[in-house]
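If you read the protein sequences in the order shown, they are chains A and B. So for the first sequence, my numbering puts the first residue at 169; every next one is plus one. So for the second sequence, my numbering puts the first residue at 581; every next one is plus one.
The set of hints was computed from the structure by calculation and includes no laboratory data. Note that the coordinates shown come from a computational prediction; the quantities given were computed from them, not determined experimentally. Beta carbons: idealized from backbone N, C-alpha and C, even for Gly. Among the hints, a few may not be true.
[What the hints assert, rightly or not] Every beta carbon over 12 angstroms from chain B, so not counted as near; a handful from chain A, in silico: (1) A189; (2) F261; (3) V335; (4) A409.
[Said to hold, decoys possible] Below, a list of computed lysine-lysine pairs in the BS3-like style, where the Cα atoms sit at most 30 angstroms apart: (5) K263(A) with K950(B); (6) K269(A) with K950(B); (7) K300(A) with K950(B).
[Said to hold, decoys possible] To list a few chain A residues with every Cβ distance to chain B over 12 angstroms, as calculated: (8) D171; (9) L176; (10) N181; (11) D185; (12) M198; (13) N221; (14) M237; (15) A247; (16) P266; (17) K269; (18) R280; (19) D297; (20) K420.
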Amino acid sequence: MSDTVKILASDVNVFYDTKQALHDINIDIMDRQVTAFIGPSGCGKSTFLRCFNRMNDVIPSCRVDGHIMMGDENINDQALDPVFLRARVGMVFQKPNPFPKSIFENVAYGPRIHGLVTNKSEAEDIVVDSLKRSGLWNEVHDRLHDPATGLSGGQQQRLCIARAIAVQPEVLLMDEPCSALDPIATSIIEELINDLKDRFTIIIVTHSMQQAARVSQKTAYFHLGHLIEYGETKDVFTRPADPQTEAYISGKIG
Amino acid sequence: MTAFFTSFTGSLLWLILISAGIYFLSLRRLSGQIQTSQSKPHSLAYYYGRYAVIWAFFPAIIVLIVWTSFTRPLENQFIIQSLSAAYPDLPSSFVDLKIAQIKNISSGLIAAEDDIMRGLADQYGYASDRLSMLRYVTVILVSLIGGMFAISRIKPHFKARVVFEGFLRRVFTFAAIVAILTTIGIIVSLTFEAFRFFTQYHPIDFFFGTHWSPNVALREGVENALDEDVGGSSGSFGMIPVMAGTLLIAFIAMLVAVPIGLFAAIYMAEFASRRVRNYVKPTLEVLAGIPTVVYGFFAALTIGPFIRNLGLFAGLDVSSQSALAAGAVMGIMIIPFISSLSDDVITAVPRSLRDGALGLGSTRGEMITKVVLPAAFPGLVGAFLLAISRAIGETMIVVMAAGVSAQLTANPLDSVTTVTVQIVMLLTGDTEFDSVKTLSAFALGITLFVVTLCLNIAALSMSRRIGGRYE
Ligand SMILES: Nc1ncnc2c1ncn2[C@@H]1O[C@H](COP(=O)(O)OP(=O)(O)O)[C@@H](O)[C@H]1O
Ligand SMILES: [Mg+2]
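Work out the full structure, taking the sequences as your base and the hints as a guide.
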């Protein structure tokens, strides 16, 4: 665990057409820690998460203002090419979305498009390494060339994690990665997140407060597009500074 | 006035009136029953009404239709009898004319030219009035009896809704069966006639013969012919050049249509804004609504000469009727077919896959070529196969632009002919139904049918494979 800041967002405002989804968000994301975004649904967690890899560019009506600094680069600078950014900031989605290709091809996809591998054996090295680090290797090593869609939901989600880390990103964004999974698959992924934080800065959106408490070091509580509270996870859950946060974690709202 | 009452339309109107009456009577009956027995009805009230209407309307309408279609020929028979009694030496070619005259006189459209005709018309009018009257009475009776029967069965615990839904199910099943039976009927009659052809012409000569000239007596290269004695009316029926021409033209058409159609679909699905898409898609589909004969003369009068001039310019000898002209125009014709189907298939690839690809840092182009198109591939192949079977079945463009001479060639600048065109040539004009020439059309037809059927089955199984892949 380190104490350096990885990403520094200041005065981020996000609009969908004229509707403002996020108001003046300021936050610093710590390097190689897990940061959890919690809050009632519709409060803007996903919208904010998508600012970090410019996935909001895909939505024509969406406009993001403000600075999001990673190192000395502004992620939100329109001159910055999102293609390179997304190689450095990977993303895992709510619903497992493996490509309709083989397990091998799914993991090799990212390294191939970014030119990280030039031949088959380099690709194999990366695929094996990523599958091992996502804890999937033992389950799939004898069927790497089977369709990825034949895996179970939990395995598919770990495959998506393997696919994301195969490009060796610095940051990993996860938008409710366990919401489509059963409790056992969920706990496997939570362990995996714990292992991965040694190498990656992880931001996870979750609607489960237990999950946030289990996996994260820092927690940010959002409400109606505002960042209400941000701090050490154990502080936020044991002695929340804001009454709204307290109401949410004690189950009164949400 | 009575004439209208008892006519077909009049009877139909009466049927509708009676059914409406029965509907309300049955509702009355139901509420009476509810009051006396103090029990809740099984179904909503209008189901009892509908149930009664089924009985009042459908048996009667069937009687009306069947009766009408069977008595028409009988009426004609009746006229013919009295005609031949009145004019013993009427030539048979005049009979139809006289029948029409008599009917027209009887309905007051024309005046009778003599007393005999007047008398015949009166006779006919009297008889047909009687028949209509009888029909009218029968139909009304059937309707009333049916309605009363249904009403008598209405009780609160009668499961009117179940019976009504059962009736609907039978109507739908019946429609499905009719559709299937017609298909089977067509296939059976095709097969039967094709068999008759093959008893007169050896199948091997047909399927593997390389010479197609149905009109020419000379039969070079045909050794196994079974019909040595059929004589001068038969030519040679080797299917290969015709099938080759069909495939050549379909191939050229696909060469034109697949890239353009597919790229248009990719543009619409991936790049066009919603507004542009809302204009472009219907506009492309207008192309599909143009009658093929219009494409045909476009091919024959514009594209054909254009290609010939181009050829002359390059020092090539091109006939103005060429496979290239027909194929190119046919390709234009099936562009909307391919673009519309492909667009559906491409937009069916879920958002989550695109997000996954973009999230990994794919460019738009990489996302399309490496993720979206592979995911859509089975569906796209299905769309192409469906388009090919359209190209193979197309006739008009080929008749007008590619000619009718059966040449075995792979040169797109030659004139070729196709299966469908040959069928048209074989069956139009003066033909005896029994000749080998006519029967060969059925053999061609069944061959074409089998080919397109296989393509369609392949297409269906391809598109089906895409369903359920994204779960
Ligand atoms: N594509 C979009 N177009 C318009 N409004 C959107 C879009 N996506 C999200 N929003 C709106 O932005 C707000 C925040 O949404 P979101 O970030 O998805 O919330 P969360 O992930 O916390 O549930 C919501 O009010 C939502 O309706
Ligand atoms: Mg969300």
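### Message
So, against the hints stated earlier in the document, which numbers end up violated here?
### Response
When the structure is compared with the hints, numbers 2, 3, 13, 16, 17 and 18 turn out to be violated.
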